[in-house]
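Top to bottom, those sequences are chains A and B.
The working numbering puts the first residue of the first sequence at 2, with every later residue one more than the last.
The working numbering puts the first residue of the second sequence at 2, with every later residue one more than the last.
Heads up, a few of these hints could be off.
[Stated by the list, open to error] Derived SDA-like pairs (lysine to any residue); straight-line CA-CA distance at most 25 Å:
no. : chain 1 : residue 1 : chain 2 : residue 2
1   : B       : K72       : A       : F124
2   : A       : K131      : B       : K131
3   : B       : K210      : A       : K198
4   : B       : K131      : B       : A113
5   : B       : K20       : A       : R107
6   : B       : K210      : A       : W71
7   : A       : K198      : A       : W71
8   : B       : K53       : A       : K179
9   : A       : K170      : A       : L62
10  : B       : K72       : B       : K210
11  : A       : K72       : A       : D172
12  : A       : K53       : B       : V205
13  : B       : K72       : A       : K170
14  : A       : K179      : A       : S194
[As the list claims (entries may be wrong)] Negatives, chain A to chain B, calculated, CB over 12 Å:
no. : residue
15  : R89
16  : G92
17  : A130
These aren't lab readings, by the way, just hints derived from the structure by calculation.
Where a beta carbon is used, it is the ideal one built from N, C-alpha and C, also for glycine.
Number of protein chains: 2
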Amino acid sequence: MSASASDLIAALKWRYATKVFDPTRKIPADIWSALEESLVLTPSSFGLQPWKFLVIQDQALRESLVPHAWKQRQVADCSHLLVMTVPRELGEDCIDANIARIVEVRGGTTDALAGLRNMVAGFRAQLSAKGQLMTWAKLQSYIALGQFMLAASLLGIDTCPMEGFVAEKFDEILGLDKTGHTTAVLCPAGYRSAADKYATLPKVRFESKDVIEHR
Amino acid sequence: MSASASDLIAALKWRYATKVFDPTRKIPADIWSALEESLVLTPSSFGLQPWKFLVIQDQALRESLVPHAWKQRQVADCSHLLVMTVPRELGEDCIDANIARIVEVRGGTTDALAGLRNMVAGFRAQLSAKGQLMTWAKLQSYIALGQFMLAASLLGIDTCPMEGFVAEKFDEILGLDKTGHTTAVLCPAGYRSAADKYATLPKVRFESKDVIEHR
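Here chain A stands alone, though its shape is the one from the complex:
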């Protein structure tokens, strides 16, 4: 056990969707490094890790994104802008890359994993037939989002999950249109501003009895 239940709940109650970041405060390198490692460790279905994470600190680049993020300043005022991207059309090459990595880490041969490869390729073919390849990859990226927000809050880092952006514009500015990836979701990270009135508002959640049912 790495944390107590009360530490966990305290972190979740402390966090909120930060509306105003303090642009003068930067996340220390060792803390950010741990958060990057947590991203790398994110679980995904079949372990496919269908994502690339962009970490943007360049100020001019971030300012150029603000107009395409519903003018939300968090994109430019945070310490590190995390952009989660996924393939538009998850290809079989993603499966092969994963199989190759399994062999690299655990040993064995690609041939010995042919059964696994066929099973995952069959799953992929079903997604493809339903036009769900990008949707499925986005779902995986939201696992990363959920994990990242909790990880950050445990380390005292504020975040703001953001779906309010124009993916086409982000993809164009970030050059993703050339890579086959698309922007799935944003998560600016940094430190809340003392001026953010949202920081002290009571958190709004449904009551447990209204969202959890026991059988």
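Once you've looked at the hints, dock chain B against the given chain A.
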């Protein structure tokens, strides 16, 4: 700061997709209670919390689900089976419930929140026009999934995220077809069996340089 960076990384390295649970070990009530509280606190877009979480401990019910979960025994052998469900068609009633809850928690009036309600309803209408209402709700449930798996690992609880199930059958057996909800994803929780050979395999993740890019 509620945890150290090394505690966070240790928890993420300790966790894995548990293939064999020890059916004799049950999560203590105080730990499970904290995990339920963490679920309630999960962030979501617009704070809409478009989910109901089913926690299933009834053994006969869980056994009846196994055949529809690719025969994966985790569903029956875990301590607590968490079933994340979302509305098939997120209605405006979900927005109204959220607005009512804001007023309940923070005070004020529904009328004063008319602007917020209209904005969210406009977003919902766009999703509806694109046939994306269920997909969007599922994305939110994956935030809960990502957060839950990390929360559990911090408290020493094993989990196994599962997409391998027949949603229609789960919905039928759980009576969701009558409620307008559908099964989004499963996450059995409990304790790994000493016989689970997957527990000690090296974790397979791409290298940081292959999934994280700095700008």
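Taking the hints in turn, this is what the structure says about them:
1. Annotation: proposed proximity of K72/B to F124/A holds, straight-line Cα distance about 16 Å (limit 25 Å).
2. Under the criterion of a C-alpha separation no larger than 25 Å, the hint pairing K131/A with K131/B is consistent with the structure, at around 15 Å.
3. For the proposed pair K210/B and K198/A, the alpha carbon gap of about 38 Å is over 25 Å, so the pair is violated.
4. Annotation: proposed proximity of K131/B to A113/B is violated, straight-line Cα distance about 30 Å (limit 25 Å).
5. The hinted pair formed by K20/B and R107/A meets the criterion: a straight-line CA distance of about 18 Å does not exceed 25 Å.
6. Under the criterion of a C-alpha separation no larger than 25 Å, the hint pairing K210/B with W71/A is inconsistent with the structure, at around 31 Å.
7. Restraint check: the Cα-Cα separation between K198/A and W71/A comes to about 20 Å, which is no more than 25 Å; the hinted pair holds.
8. Annotation: proposed proximity of K53/B to K179/A is violated, straight-line Cα distance about 39 Å (limit 25 Å).
9. Between K170/A and L62/A, the direct Cα distance comes to roughly 13 Å. Compliance with the 25 Å bound is thereby established for this hinted pair.
10. For the given pair, K72/B sits about 37 Å from K210/B by alpha-carbon distance, which is inconsistent with the 25 Å threshold.
11. Distance restraint check for K72/A and D172/A: the Cα-Cα separation of roughly 17 Å lies within the 25 Å cut-off, and the hinted pair is therefore satisfied.
12. With a CA separation close to 16 Å, the supplied pair K53/A and V205/B stays within the 25 Å bound.
13. Proposed proximity of K72/B and K170/A is contradicted: the alpha carbons are some 44 Å apart, above 25 Å.
14. This hinted pair does not check out: K179/A and S194/A have alpha carbons roughly 36 Å apart, beyond 25 Å.
15. R89/A, annotated as away from the interface, keeps every beta carbon of chain B farther than 12 Å; the closest lies near 15 Å.
16. Its beta-carbon lying about 16 Å from the closest one in chain B, G92/A satisfies the requirement of being farther than 12 Å from that chain.
17. Taking the minimum C-beta to C-beta distance to chain B, about 16 Å, the non-interface status of A130/A holds against the 12 Å cut.
The structure shown violates the earlier hints numbered 3, 4, 6, 8, 10, 13 and 14.
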